[in-house]
Each structure stands twice: as C-alpha cells, then as structure tokens.
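J.: Sequence:
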Amino acid sequence: MANLFEVGLFDELEAIYPDTKGESGDKVYRVSGASGTYAGVHMVISGLQAGQMVSFEVRGPHQGYKLFELIPVPVEDNTGLVTRTERFDGKYNPYVIRRAPFMIYEVLQPIRNLAVSKGQSVAVAFREAIQVEEDVENKWEIYVTVEGITQKLTFIVEAKKVKVMPSNKTTHKYVNWINMRNIGAFHKVVMWSKEWEDLALSYFKLARYARQNIVWLPADLYFELNESQHPVLNEEKLSTLIRLADEAELYWLNGANLCGRKDGDWCATEAETILSKRIMPGEGEEDFRNMTTQLYKYIKEKGLENRWIQSFFDEPLDESANVYHRGATIINETMPGIQVLDANKATESLVGAMDIWCPTLDCYEKEFEFYRDRVEKGEEVWVYTCLEPTGPYLNRLLDMERIRPVLIEWANSLYPVKGFLHWGGNWFAVNPYKQSCVCMGQEDYTNFKLNYSAQLPAGDCGVMYPGDLMPLSTTRLEAHRIGFEDLYLIEQLKNKNEALAKEIVNTLVRSYKDYETDISLYRKTKKRLLEA
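Using the numbering used here, you'd call the opening residue of the sequence shown number 75 and step up by one each time.
Derived from the structure by calculation, the hints contain no laboratory data. Everything numeric in this text was worked out from a predicted model, so none of it was measured. All residues carry an ideal CB built from backbone N, CA and C; glycine is no exception. Where hints are given, some of them may not hold.
[As the list claims (entries may be wrong)] In silico DMTMM-like pairs for lysine to aspartate or glutamate, Cα to Cα no more than 25 Å straight-line:
| id | residue 1 | residue 2 |
| --- | --- | --- |
| 1 | K587 | E160 |
| 2 | K492 | E462 |
| 3 | K237 | E572 |
| 4 | K235 | E211 |
| 5 | K601 | E208 |
| 6 | K601 | E207 |
| 7 | K508 | E160 |
| 8 | K576 | E439 |
| 9 | K311 | D272 |
| 10 | K570 | E232 |
| 11 | K440 | D588 |
| 12 | K451 | E389 |
| 13 | K213 | E232 |
| 14 | K311 | E301 |
| 15 | K213 | E80 |
| 16 | K374 | E439 |
| 17 | K419 | E359 |
| 18 | K451 | E439 |
[What the hints assert, rightly or not] The calculated label-pair distances, taken between Cβ atoms and stated as ranges, are:
| id | residue 1 | residue 2 | range |
| --- | --- | --- | --- |
| 19 | T591 | L299 | 44 to 54 Å |
| 20 | A503 | E298 | 22 to 32 Å |
| 21 | R186 | T591 | 28 to 38 Å |
| 22 | K568 | P175 | 37 to 47 Å |
Let's have the full structure, built from the sequences with the hints guiding it.
T.: Laid out in structure tokens, this is it:
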C-alpha cells in the first residue's frame with residue numbers, strides 16, 4: 075500500500091490533525107527568518123497503515139537542523155466563549171479551530187530519521203537553526219520513503235543577516251511557571267537527586283530556548299518547618315535552584331508567593347502563610363516577616379538584589395486588598411529595593427502595594443487608562459493569560475490558532491507592557507497525552523461526579539510535556555517563541571522608525587482581540603519586518 079501514501083508540507087503555525095491529508099499540503103514551502111532564530115516546517119505523511127516505517131533523508135547546506143515526530147494530544151471540550159469550557163459556561167464559542175472532541179498534533183519528540191505509524195498518518199517537524207552573516211537562501215531537500223517508494227519535499231529558508239540576540243536581562247520579560255515536583259512525579263525521579271537536578275536543568279534550558287529569561291522559584295521548595303513549626307530557609311536547596319537557573323542562563327529570579335488565600339477561599343479577606351498556615355492579619359505576620367528577612371539576608375550575601383523579584387499573594391481581589399497592602403509593606407520593610415510582582419485582579423484598591431502589575435491581557439485593555447497612569451508613575455506592567463481570556467482574545471489554548479501565541483507579542487509591542495506571565499509550564503494533574511481538560515483537584519480515580527466549574531480548558535496546564543528522558547516542546551511553545559523573536563525585531567525597528575514599526579504591526583494586530591489569523595499574510599508581513 076506504500077504507493078498510496080501522500081506527503082505535504084505545512085506551515086509550522088498551521089494546525090494539523092491525525093486526519094490531515096498529506097496531499098493538502100505543499101511540495102515546496104518557503105519562509106524567511108532572522109539569524110539567531112529557527113525556521114520550521116511540518117510534514118504530514120498520510121495513507122499509511124499502522125506499523126509502517128517512514129524514513130527521512132535530509133540534504134541541505136549544513137548540519138544545524140533537527141527532526142521531531144509530532145505527537146497528538148486530545149481536546150475533549152472546546153474553550154468557553156466567556157470562560158473555562160463550553161461545558162461550563164454553556165455558550166457556543168465560534169472562535170475555535172475545530173469542534174471538540176478531537177486530537178491535534180502538538181508535542182515535538184526528537185527523532186533521528188525514522189518514524190513508525192501508529193495509525194493512518196505520521197507528522198514530523200523540521201527545524202533549522204539560522205546562523206548567517208549575510209543574507210542567503212538555504213534550500214533543504216527532504217526525501218520521505220515508505221516501503222521503498224520515495225517522495226521529495228523542498229523547504230526553502232530565506233535566512234536574513236539581521237540578528238536576534240538570545241534572551242537576556244534586557245529582553246522582554248517572560249516566565250512560565252515550572253512545577254518542580256511534577257518533574258519528579260512524571261519522570262519518576264527523587265526530588266533533589268542528581269537525576270532530578272539534571273531534568274530540572276533540561277526544563278530550564280527548554281524555557282531559555284523558548285526565550286524565557288525568568289525562573290519562578292516555588293518557596294515551599296526552599297522553606298521548611300522547624301521543630302516549632304515556623305518556616306526556615308534551606309539555603310542549600312535555594313542555591314541549587316539558582317545554580318541550575320544560572321547554568322540555563324535564566325537571569326531573573328522570581329521568588330514565588332509566600333502566602334495564599336485563607337483556607338483556599340477565593341474571596342477571602344485574610345491570607346495564610348505557606349507551610350505554617352498562620353493567618354494574616356495576625357500571628358502569620360511574624361512568620362511572613364521572618365521568611366522575607368531570611369530571604370533578603372541570603373539575597374544580599376549572594377549579590378542577587380538586582381535579579382530578584384518577590385511575589386506575595388496570587389491574583390488579589392478587592393476583598394484581599396487590605397491584607398495585600400500589609401504584605402507588601404512587610405516586603406518593602408524587610409527586602410528594600412526588591413520589586414513586588416503578582417498577577418492581579420483588583421486595580422485601584424492595590425495602588426501603592428505593587429511595583430509590577432500583571433493583569434490578564436483583556437483586563438489590561440479594558441483598564442488601559444489605569445495602567446498607563448501606573449506606568450507614568452514609574453511602575454511596571456506585564457500581562458498574563460491562563461484559562462482566560464477566551465472567545466476572540468489572544469491566548470495559547472489547544473483549540474486556538476497557533477498564530478495566536480505569536481501575535482500576543484506583536485500586540486504587546488503596541489503597549490508599554492514589559493513582560494508576559496503564564497502559570498502553565500508543566501502543571502499536569504493527569505497524563506497529558508491522554509487527557510487535556512482537567513478538573514483541578516478532582517481527578518481522583520474513584521471520583522465519579524466531577525464539578526465542571528473547576529475544569530480548565532485544554533492546554534491551560536502546560537506547554538512543556540514530559541518525555542521519557544527530557545521535557546518536550548509543543549507547537550504552542552514554539553509559536554510563542556516565534557512571537558518573542560519577532561518582538562525583538564519589532565523593538566529594534568521602533569528604535570529606528572517607530573511609525574514604520576507600528577504600521578507593520580498593525581497589518582496583523584490592532585489589539586488583543588483585533589488581529590489577522592491568515593498565515594500567508596503573517597509570512598509576508600514578517601518578511602517586510604526582516605527587511606525594514
């Protein structure tokens with residue numbers, strides 16, 4: 075049956091599925107890219123039978139390329155129009171790429187030159203690392219063979235000499251929260267063992283490749299309760315995490331929240347300290363002050379004052395504004411000069427407590443005048459996405475166009491926004507290859523009555539998937555990387571010609587919910603950016 079197989083090339087930003095037909099792709103595909111970035115294309119080989127071997131021979135100008143088999147993951151429910159999923163909000167969402175349930179090619183598993191079909195198709199990604207001193211055209215010929223029959227595909231990269239520098243302390247701030255305990259759980263290694271450290275470093279390196287320059291440091295990893303049940307800093311463990319961040323060249327260190335909502339109540343007016351669970355206002359203030367004092371002593375001794383950012387309490391509301399002010403005051407008293415960052419829901423009630431504001435990008439636009447005023451007063455603004463915003467807004471969920479994560483950063487260039495935050499690095503509660511929509515805290519084997527008001531939309535939990543021996547990238551993580559590479563070029567152009575930069579950006583994006591998803595238009599516009 076090998077004579078029936080079909081192959082085609084697809085833009086790496088085009089969603090492809092196990093039922094995508096190879097013949098619907100192109101035999102020749104062309105893209106443009108800057109030096110210091112990566113050029114990619116996806117291949118679909120269809121018309122196969124399970125168990126058939128597919129081999130690849132790549133001929134090109136250099137050896138700086140890799141192949142990855144694309145692994146499909148499920149989308150059980152569509153993202154909601156207003157929030158979470160359609161199953162919860164009950165509204166039809168027209169802004170999705172396919173009606174659920176479906177499988178979509180998502181995870182990139184490195185291969186050498188062979189793949190074995192598990193069904194009727196195989197999808198493979200090709201990536202070239204672009205490193206040039208002059209504009210050149212790199213032509214790649216990829217020969218795909220099934221049972222002795224070979225078909226040829228051609229990928230042409232217009233490699234531009236304009237340079238994108240690696241992420242560093244001066245590039246746009248970017249963090250995905252990496253769940254360090256999940257590294258142990260999913261890879262079956264013991265926390266703090268040499269094997270765990272090696273894997274943690276692999277996650278940090280993947281984050282840096284994706285253009286992160288911040289590492290999120292969960293405080294419950296380096297604080298422990300003493301005999302009196304008060305938190306004590308374990309300097310050795312914190313030093314290990316920072317050493318791994320340094321090896322991966324992640325500059326910024328974000329000390330994670332030292333408190334949470336009392337009893338986990340979303341509308342709580344009080345906070346409770348991590349580990350000791352003491353209440354603020356009240357006796358918890360002593361524990362909190364001791365933690366920040368210990369941290370600052372360590373930071374000063376290690377010379378980390380210019381790298382450290384401290385968080386107190388995630389997503390404070392108006393109801394929690396008073397306790398947030400109290401916590402921020404203690405941080406300012408005990409950690410002078412250290413910026414306070416948290417994803418925020420409240421606005422006016424938190425004025426005076428935050429140094430770095432981080433609203434969801436839709437809330438940023440809705441409260442634009444407020445945040446512009448904060449910037450004018452010397453404060454900083456980032457944006458974040460999570461299970462929201464949904465509908466037409468830019469986000470990076472599994473049933474959204476893959477160009478949306480790219481355009482997040484194009485949109486960020488239109489505003490005085492200095493960073494992007496997402497909680498979902500690898501926060502999987504179940505096997506992510508088998509289940510994407512998760513009711514957090516309820517996925518117990520014996521629980522037959524799930525509360526879908528707690529269900530997260532597909533893709534919210536993570537963009538770094540667990541492989542056998544390493545973390546694996548995804549099409550969404552790759553797309554967001556491309557967005558940050560583009561943002562670097564946009565910022566360079568703004569320094570030379572701000573009006574032209576805005577004109578080019580506006581070709582694709584006007585706001586976080588007004589943008590173009592046409593991939594051919596994106597490629598034309600990006601080429602114009604590269605040549606500007």
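J.: Would you mind marking each hint as holding or not holding in the structure?
T.: Right, here's what the structure says about each hint:
As the CA atoms of K587 and E160 are separated by approximately 19 Å, the hinted pair is consistent with the 25 Å bound. Restraint check for K492 and E462: satisfied, since their Cα atoms lie roughly 20 Å apart, inside the 25 Å limit. Straight-line distance between C-alpha atoms of K237 and E572 comes to about 19 Å, which keeps the hinted pair within the 25 Å bound. Of the supplied pair hints, the one linking K235 and E211 holds, its CA atoms being roughly 11 Å apart against a limit of 25 Å.
Straight-line distance between C-alpha atoms of K601 and E208 comes to about 16 Å, which keeps the hinted pair within the 25 Å bound. Straight-line distance between C-alpha atoms of K601 and E207 comes to about 17 Å, which keeps the hinted pair within the 25 Å bound. Note on K508 and E160: the hinted pairing holds, with a Cα-Cα distance of about 20 Å set against a maximum of 25 Å. Using a Cα cut-off of 25 Å, the hinted pair K576 and E439 holds, with the two alpha carbons roughly 18 Å apart.
For the suggested pair K311 and D272, the alpha carbons sit about 15 Å apart, so the restraint of at most 25 Å is met. About 23 Å separates the Cα atoms of K570 and E232, which keeps this hinted pair within 25 Å; it holds. A hinted pair counts as satisfied when its Cα atoms are at most 25 Å apart, and K440 with D588 qualifies at roughly 14 Å. The suggested pairing of K451 with E389 holds, with an alpha-carbon distance near 22 Å, which does not exceed 25 Å.
With a C-alpha separation of about 9 Å, the suggested pairing of K213 with E232 holds against the 25 Å cut-off. About 19 Å separates the Cα atoms of K311 and E301, which keeps this hinted pair within 25 Å; it holds. Taking the CA atoms of K213 and E80, the gap is about 22 Å. The hint holds against a cut of 25 Å. For the hint linking K374 to E439, the alpha-carbon distance of about 38 Å lies beyond 25 Å, and the restraint is violated.
Straight-line distance between C-alpha atoms of K419 and E359 comes to about 23 Å, which keeps the hinted pair within the 25 Å bound. Proposed proximity of K451 and E439 is supported: the alpha carbons are some 18 Å apart, at most 25 Å. Between T591 and L299 the CB atoms are about 50 Å apart, so this pair conforms to the stated range of 44 to 54 Å. A hinted range of 22 to 32 Å for the beta carbons of A503 and E298 is consistent with their spacing of about 25 Å.
Distance hint check: the CB atoms of R186 and T591 are about 34 Å apart, consistent with the given range 28 to 38 Å. Distance hint check for K568 and P175: the Cβ-Cβ separation is about 43 Å, which falls inside the suggested range of 37 to 47 Å.
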